[in-house]
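J.: For what it's worth, the working numbering labels the leading residue of the sequence shown as 198, then goes sequentially.
Please note that a few of the clues may not be correct.
Each computed BS3-like pair below joins lysine-lysine, with the alpha-carbon atoms no more than 25 Å apart [to be verified]: (1) K323 / K236; (2) K362 / K407; (3) K407 / K372; (4) K323 / K362.
Calculated directly from the structure, the hints in this document are not laboratory data.
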Amino acid sequence: NGTRWENVRPSRDTRDHVVAMADTLVTRALYRGLLRSAKRLEQQAVRHGAKNVLALEDLHDLNVPSLRRSLLQSEQEAGNVVALVRRWFRKKPTMLSESLKEAGARLDRGFAALALVNRRLGMLEKLAADPTSDETTNGIRVTVESFPVPERSSPRDERFCYLYKVRITNVGQDKPVQLVHRHWTIVDENGETEHVSGPGVVGAQPMLHKGQHFEYTSAAHLRTTKGMMQGQYAMITADGQLIDVAIAPFALKPAKE
Numbered sequence: 198n199g200t201r202w203e204n205v206r207p208s209r210d211t212r213d214h215v216v217a218m219a220d221t222l223v224t225r226a227l228y229r230g231l232l233r234s235a236k237r238l239e240q241q242a243v244r245h246g247a248k249n250v251l252a253l254e255d256l257h258d259l260n261v262p263s264l265r266r267s268l269l270q271s272e273q274e275a276g277n278v279v280a281l282v283r284r285w286f287r288k289k290p291t292m293l294s295e296s297l298k299e300a301g302a303r304l305d306r307g308f309a310a311l312a313l314v315n316r317r318l319g320m321l322e323k324l325a326a327d328p329t330s331d332e333t334t335n336g337i338r339v340t341v342e343s344f345p346v347p348e349r350s351s352p353r354d355e356r357f358c359y360l361y362k363v364r365i366t367n368v369g370q371d372k373p374v375q376l377v378h379r380h381w382t383i384v385d386e387n388g389e390t391e392h393v394s395g396p397g398v399v400g401a402q403p404m405l406h407k408g409q410h411f412e413y414t415s416a417a418h419l420r421t422t423k424g425m426m427q428g429q430y431a432m433i434t435a436d437g438q439l440i441d442v443a444i445a446p447f448a449l450k451p452a453k454e
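Put together the whole structure using the sequences plus the hints.
T.: Following this line, the structure appears as structure tokens:
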């Protein structure tokens with residue numbers, strides 16, 4: 198009929214309706230993603246035996262003051278993260294009277310919450326949950342056990358001290374081997390990573406014949422209440438061969454939470 202469609206402009210009501218529908222679809226998808234992540238976060242809380250699964254600094258980054266208060270007051274016990282997501286982010290029918298600015302702010306809060314939960318989830322999934330480890334590499338067995346030292350810790354100063362006891366045993370090398378170097382990777386629950394390397398351990402470079410073991414205790418310090426360590430030793434065999442010996446990941450965490 199000769200109508201030029203490029204000159205046909207939708208009415209204001211039509212535009213508002215399209216915007217509302219798009220906003221509803223995005224918000225529902227965002228809510229489903231946030232709910233899935235919250236459920237996985239609770240599973241990690243159970244795995245780590247943790248009550249507080251969200252760090253305080255993360256909560257301060259979330260620009261939803263009422264939600265922050267709810268999380269802090271609830272002490273984030275198991276089950277509360279999902280419940281709070283349902284309470285604060287479940288999509289209600291979009292009202293056409295809601296301004297684009299209000300809708301945008303609501304979506305911004307949802308994306309911020311999703312980023313927070315996913316960041317925390319990613320860290321907890323990577324952290325070891327068991328304060329012990331046991332690994333045998335190239336005939337050398339390394340067992341570790343960690344435990345907190347409250348009297349040398351200061352939560353106010355963000356300083357948490359842990360001792361770890363290591364036992365190194367030659368279980369499979371027929372000739373003597375000597376430990377010559379160590380490397381540790383220490384990660385706190387915020388993802389901050391520290392690498393520590395040096396000759397020997399606690400000032401010694403022990404020589405181990407088959408069946409012999411060497412034990413020592415050392416300390417690690419974190420700025421958060423929990424974290425993890427893993428590493429490796431470099432050892433030299435009697436015929437001059439250099440071998441790597443793995444130290445499996447183990448948790449640094451309070452005895453009970």
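J.: If a hint holds in the structure, say so; if it does not, say that too.
T.: Hint-by-hint comparison with the structure:
At most 25 Å may separate the alpha-carbon atoms for a hinted pair to count; K323 and K236 meet this at roughly 17 Å. Proposed proximity of K362 and K407 is supported: the alpha carbons are some 21 Å apart, at most 25 Å. Using a Cα cut-off of 25 Å, the hinted pair K407 and K372 holds, with the two alpha carbons roughly 7 Å apart. Restraint check for K323 and K362: satisfied, since their Cα atoms lie roughly 22 Å apart, inside the 25 Å limit.
Violated hints are absent here; each numbered hint is respected by the structure.
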